[in-house]
Amino acid sequence: FTSLRISSLNRHVKTHSDEKHHVCHLCLKAFRTATLLHNHVNVHTGTRRYKCSDCDMAFVTSGELSRHRRYKHTLEKPFKCSLCKYSSVEASKMKRHIRSHTGERPYACDLCSYASKDAYKLKRHMITHSGEKPYEWYVCQAKFTQSGTMKIHVLQKHGENVPKYQCPHCSTFIARKSDLGVHLRNLHSYVAVAIKCSYCEAVFHERYAFIHHEKTHRNEKRFNCDQCSYACKQ
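For the sequence shown, counting from 1, position 103 maps to 103 in full-length UniProt numbering; every step adds exactly one.
Don't read these hints as lab results, they were simulated from the structure.
As a list, the in silico DSS-like pairs of lysine-lysine whose alpha-carbon atoms are at most 30 angstroms apart:
#1 133 with 157
#2 133 with 143
#3 72 with 121
#4 117 with 29
Turn these sequences into a full structure, and let the hints guide you.
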């Protein structure tokens, strides 16, 4: 990192320190810089200064707005791989992609020889050591550390219980016809009082459409580091 201003350099140096002197008065979460704290407080207060010129959405930081416009409007992918045709909206995704060429696996397990190029895959792997089994198959209540392992179990042990009924409104498959009826009532029936999106002005009269819409917001990395290209969802 280089900068023309000493103040910018000082802010950047703080990103490499574990010291977090800036504390949120609402939830006591601490941050390394005042800017990060300010952006965090805006999340509490709902202050969204950066408004999209192409739709009704607004964001806490300019970085969030830039990513939103690239994903939803301009479809620009400014980060391009020099080794293949891959391109990306975000620098962080490009860094992960480059590792597929170099073979680099910087995220290593402290308990075994496992290593990954993705932090989230290491987090998923660590569950195998903790003993936690968050995935449960509802037919036999068998529990699994990973969703893929559960799917194999279902195919091998419950062939007759593999979901057969597809929802006519979405891609969901359900094992029993009665459960399909519950699914339709809970997610696809008309809701008289419109449900408003927590992130924008959109409203819905169907719960499934509302849930699917909000997922598009949660997949956006809305929190942007003002010192480098790092971004995260929360």
